[in-house]
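**Student:** Chain residues, written in single-letter form:
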Amino acid sequence: MQQFINVVLNGIIEGAVIAAFALALVLIFRSTRIINFAQGSQAMFTTLIALTLISNDVPYWIAFVVAIAAGFLLGAILERGVIRPLEGGLELNIVIATLGLYVAIQALAAILFGSEFRSFPSPAGLSGFQIGDLNLILTPTSLYIFGTVAVVVIALTLLFRKTNLGLTMRAAAFDGEVSRLLGVKVSHLLTFGWALAGAVGSVAGILAANGGLVYPAYMEVFIVFGFIAAVIGGLDSPVGAVVGGLLLGLVNSAVSNYGAPGLVNIAAFVLLIAVLLLKPGGLFSSMKERRV
Amino acid sequence: MATAAPTPPAPKTETKPSVLNRAWDLNLVRNLLICLAVLVVGVIALESTDAFQNTQLTSLAYYAIAAFGLTALTGLNGQISLGHGALMAVGAYTTALFLGAEEPLPFPVIALAAVVVTSLVGVVVGAAAARLHGPYLAGATLALAVALPSLALYFKETLGGDAGLKVSSPQAPDWFVSMIETLSGNLASSTKYVAYIACVALVVSLFFVLNLKRSKVGRHWRAVRDNDVAAEIAGIHLGRTRVQAFVISAAYAGLAGAVMAIAVRLAAPSAFTIVLSLSVLTAVVIGGLGSITGAVIGAAVLVFLPPWVTGFATDSGLSDTQAAEMAPLVYGIVLVLVMLLAPGGLMGTVSNAWRRTRQRRLAKQASSAS
Chain H
1 MQQFINVVLN
11 GIIEGAVIAA
21 FALALVLIFR
31 STRIINFAQG
41 SQAMFTTLIA
51 LTLISNDVPY
61 WIAFVVAIAA
71 GFLLGAILER
81 GVIRPLEGGL
91 ELNIVIATLG
101 LYVAIQALAA
111 ILFGSEFRSF
121 PSPAGLSGFQ
131 IGDLNLILTP
141 TSLYIFGTVA
151 VVVIALTLLF
161 RKTNLGLTMR
171 AAAFDGEVSR
181 LLGVKVSHLL
191 TFGWALAGAV
201 GSVAGILAAN
211 GGLVYPAYME
221 VFIVFGFIAA
231 VIGGLDSPVG
241 AVVGGLLLGL
251 VNSAVSNYGA
261 PGLVNIAAFV
271 LLIAVLLLKP
281 GGLFSSMKER
291 RV
Chain U
293 MATAAPTPPA
303 PKTETKPSVL
313 NRAWDLNLVR
323 NLLICLAVLV
333 VGVIALESTD
343 AFQNTQLTSL
353 AYYAIAAFGL
363 TALTGLNGQI
373 SLGHGALMAV
383 GAYTTALFLG
393 AEEPLPFPVI
403 ALAAVVVTSL
413 VGVVVGAAAA
423 RLHGPYLAGA
433 TLALAVALPS
443 LALYFKETLG
453 GDAGLKVSSP
463 QAPDWFVSMI
473 ETLSGNLASS
483 TKYVAYIACV
493 ALVVSLFFVL
503 NLKRSKVGRH
513 WRAVRDNDVA
523 AEIAGIHLGR
533 TRVQAFVISA
543 AYAGLAGAVM
553 AIAVRLAAPS
563 AFTIVLSLSV
573 LTAVVIGGLG
583 SITGAVIGAA
593 VLVFLPPWVT
603 GFATDSGLSD
613 TQAAEMAPLV
623 YGIVLVLVML
633 LAPGGLMGTV
643 SNAWRRTRQR
653 RLAKQASSAS
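Heads up: the protein sequence lines correspond to chains H and U, in order.
Mapping the first sequence onto this note's numbering, position 70 (from 1) lands on 70, and the numbers just tick up by one.
For any residue, its number in this note's numbering is found by taking its place in the second sequence, counting from 1, and adding 292.
Incorrect hints may have been included.
A few chain U residues that face chain H, going by a derived Cβ cut-off under 8 angstroms, partial list only [unchecked claim]:
1. Val-330
2. Val-595
3. Leu-597
4. Val-601
5. Pro-620
6. Leu-632
Please keep in mind that the hints were generated in silico from the structure rather than gathered at the bench.
Quick caveat, the model's predicted, so the values are computed rather than measured.
From the three backbone atoms N, C-alpha and C, an ideal C-beta is built for every residue, glycine too.
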């Protein structure tokens with residue numbers, strides 16, 4: 001019983017971080033039909049900025065805000081500098097450019113911040129709660145992680161449902177030409193979309209680092225899992241990203257507890273292929289399926 | 293062009309191509325000659341360089357073989373794969389297991405086994421991939437790149453876990469030693485033997501990929517890449533063609549993995565990371581997607597650029613660990629710059645420039661003729 005509860009809790013917490021990262025990917029994909037493979041590297045870079053600030057006695061929360069701002073800025077710079085000039089060309093070219101950014105940013109981080117493992121502090125405790133006889137894996141830090149992801153999801157939902165900015169972003173993503181005719185500055189919105197995704201990615205990066213070790217490649221596993229979660233969810237659906245993230249987290253947790261940790265990657269791959277074979281567009285996709 | 297007068301039919305004796313010209317027009321003959329030339333260049337290169345450069349040429353060969361496979365898949369068929377490193381791992385582990393036997397089979401048989409096993413994996417992955425496209429395919433193959441090597445961690449007993457499997461590199465047979473001695477008087481070490489195996493493997497794959505490009509199969513692949521609906525109307529089975537492309541591409545990756553295993557004498561998960569998959573993709577893209585020459589040039593960049601960049605970085609005062617990261621940094625920046633400035637890669641840019649100058653020359657001729 002205790003093991004089962006812990007497996008579920010562990011899965012939900014890990015899934016929440018994956019979901020946050022998948023959300024960043026989905027934010028970009030739904031407005032530009034681009035997968036940003038550099039997202040993980042961007043998040044890693046801003047997390048290392050935060051860690052550098054924290055180790056220089058800057059309070060955690062200020063470092064957190066600085067990292068989000070840096071992620072926002074970095075996203076905007078990449079969209080303007082690299083992605084914008086490539087738009088209209090082959091889809092493959094943009095994919096390769098983001099892969100190039102992924103490698104370059106990771107190497108740059110290793111040169112600037114060093115490639116050794118460093119521990120990242122958590123603002124909350126790291127010891128598990130105890131309810132009666134049950135030793136839960138749930139810690140104050142995991143509550144903090146889960147709460148932060150929930151805040152991000154709610155904030156994004158409000159942005160896209162209730163604000164003018166969010167609604168015009170959805171309109172621009174739905175039909176760029178018509179939006180342009182109606183006076184929407186679509187190009188500004190695309191930049192804002194990348195910046196927003198960069199900020200969300202930074203949050204995911206810090207949450208993934210919380211109470212753990214960081215090094216230039218620490219986001220690699222989240223790039224892959226976040227990506228799988230986003231694809232499972234349908235790539236253009238924020239709800240799908242959250243569901244995909246939680247599903248993947250639960251499966252990973254179950255496989256590494258009841259199976260073997262070495263099987264986690266294979267299980268994720270099998271889950272992805274299974275979902276794509278059943279629904280080639282992912283679970284929540286609004287896009288039409290490809291006919292073969 | 294309106295000024296160009298219709299050319300009168302020339303006398304038959306003048307237009308009849310010579311036997312040599314006609315033979316050159318036969319793909320098979322031309323490709324055989326190209327491969328022979330590459331083999332000769334390879335032997336000269338291996339005999340005129342030292343042991344370290346021999347190992348570099350070996351790496352060049354296996355990167356180029358893997359790049360052939362990826363350029364066939366991505367360049368000709370339009371399917372992206374971020375998982376070719378994992379397929380190379382399949383080839384490498386198969387080779388390591390076969391070479392680890394009590395009485396190992398001859399290497400060509402083992403290499404063939406590696407190709408067959410990797411192709412079988414390619415059938416499974418390709419069947420799934422054929423239904424996917426663009427970002428979905430990239431995602432599935434990226435997951436593959438992470439998933440497959442981690443199997444080695446699970447099957448610790450047979451696959452050696454984190455430490456991997458040691459590969460005993462094949463011993464140079466006597467005929468090889470005496471052949472090298474008569475050829476150049478050099479000593480035939482096991483490094484040199486491996487380099488020759490790599491060279492032969494490269495030439496064999498080159499021959500197949502050259503024929504593939506100009507065959508019916510290659511034309512079908514291109515048709516599917518350029519317009520799948522039109523290709524299907526023309527009677528090409530889309531799913532089958534896509535799976536076929538994936539399988540053949542996997543076969544190349546398997547051979548590359550087999551050569552890599554005997555070259556680095558180790559098959560370990562740490563050698564088959566995402567970075568390897570991305571490196572092969574880098575080679576293909578820098579050289580020019582779909583170009584065979586480009587794939588070789590891209591492989592050369594992968595082998596010769598890192599030591600050069602690292603040396604340059606150490607000289608300009610960076611620490612060793614920082615200098616080691618300079619190579620990926622340069623790779624990444626080069627990838628982005630190639631996409632921004634020359635999306636056709638090196639070969640695409642060169643052939644475009646050549647085509648433009650030729651058109652200009654033709655236009656000039658036409659205007660001067662009038």
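**Student:** Each of the hints needs a verdict: does it hold here or not?
**Tutor:** Taking the hints in turn, this is what the structure says about them:
{"no.": "1", "hint": "Val-330", "in the structure": "28 angstroms, violated"}
{"no.": "2", "hint": "Val-595", "in the structure": "17 angstroms, violated"}
{"no.": "3", "hint": "Leu-597", "in the structure": "13 angstroms, violated"}
{"no.": "4", "hint": "Val-601", "in the structure": "11 angstroms, violated"}
{"no.": "5", "hint": "Pro-620", "in the structure": "4 angstroms, holds"}
{"no.": "6", "hint": "Leu-632", "in the structure": "6 angstroms, holds"}
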